[in-house]
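Novice: Sequence:
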Amino acid sequence: MVQTRPLTFADYLAYADGTDICYELVRGYLVAMTPPTWQHLLIARYLERIFTAAIESIGEDWIAVQGAGQQIDEETSRLPDVMVVPMSAIQDAGESTAILQVAAILAVEIVSPSSVADDYLHKLAEYEAKGILERMHLRIQPT
Numbered sequence: 023m024v025q026t027r028p029l030t031f032a033d034y035l036a037y038a039d040g041t042d043i044c045y046e047l048v049r050g051y052l053v054a055m056t057p058p059t060w061q062h063l064l065i066a067r068y069l070e071r072i073f074t075a076a077i078e079s080i081g082e083d084w085i086a087v088q089g090a091g092q093q094i095d096e097e098t099s100r101l102p103d104v105m106v107v108p109m110s111a112i113q114d115a116g117e118s119t120a121i122l123q124v125a126a127i128l129a130v131e132i133v134s135p136s137s138v139a140d141d142y143l144h145k146l147a148e149y150e151a152k153g154i155l156e157r158m159h160l161r162i163q164p165t
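Taken in order, the sequence shown gives residues 23 to 165; the numbers are from the numbering used here.
Hints in this document: simulated from the structure, not taken from any laboratory. These figures come from a predicted structure and were not determined experimentally. One or more hints might be untrue.
What the hints assert, rightly or not - Have a look at the derived ranges for each label pair, beta carbon to beta carbon:
| id | residue 1 | residue 2 | range |
| --- | --- | --- | --- |
| 1 | Gly153 | Gln113 | 18 to 24 Å |
| 2 | Thr26 | Pro135 | 18 to 24 Å |
| 3 | Thr26 | Glu150 | 28 to 34 Å |
| 4 | Gln163 | Ala32 | 38 to 44 Å |
C-beta: ideal position from N, C-alpha, C; glycine also.
Model the full structure from these sequences, guided by the hints.
Specialist: Structural data, given as structure tokens:
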């Protein structure tokens with residue numbers, strides 16, 4: 023796809039190119055996400071399970087999720103690897119796209135060698151500006 027103009031968040035929600043490619047919206051432009059490695063997926067799954075157990079033990083009305091997005095502003099929407107979100111923010115969302123518009127409680131990025139700069143420089147600042155109080159970056163070390 024050749025993008026000729028910046029997209030809005032509403033454009034992003036409506037965008038469909040008929041492929042399985044996941045995109046983030048970054049300052050109005052679509053950025054294709056590199057498919058994750060198995061290691062990346064297993065770490066995300068492990069974290070989701072750990073967070074779910076912790077949430078249950080403290081009795082909060084939260085949920086840990088993978089695959090949902092976090093709107094940052096009208097030009098940017100990110101796809102954290104794992105988020106903890108308040109159920110109140112999604113309980114009436116039903117059929118809408120799984121992109122959280124209020125700040126998540128926690129956003130986790132599993133940092134791979136190809137995403138170091140973006141994850142540490144841009145996403146960290148964006149999550150902070152959005153009001154996400156807890157942010158976690160896990161860096162995968164090559165073996």
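Novice: Mind listing which of the numbered hints don't hold for this structure, in increasing order?
Specialist: As far as the earlier hints go, only 2 is violated by this structure.
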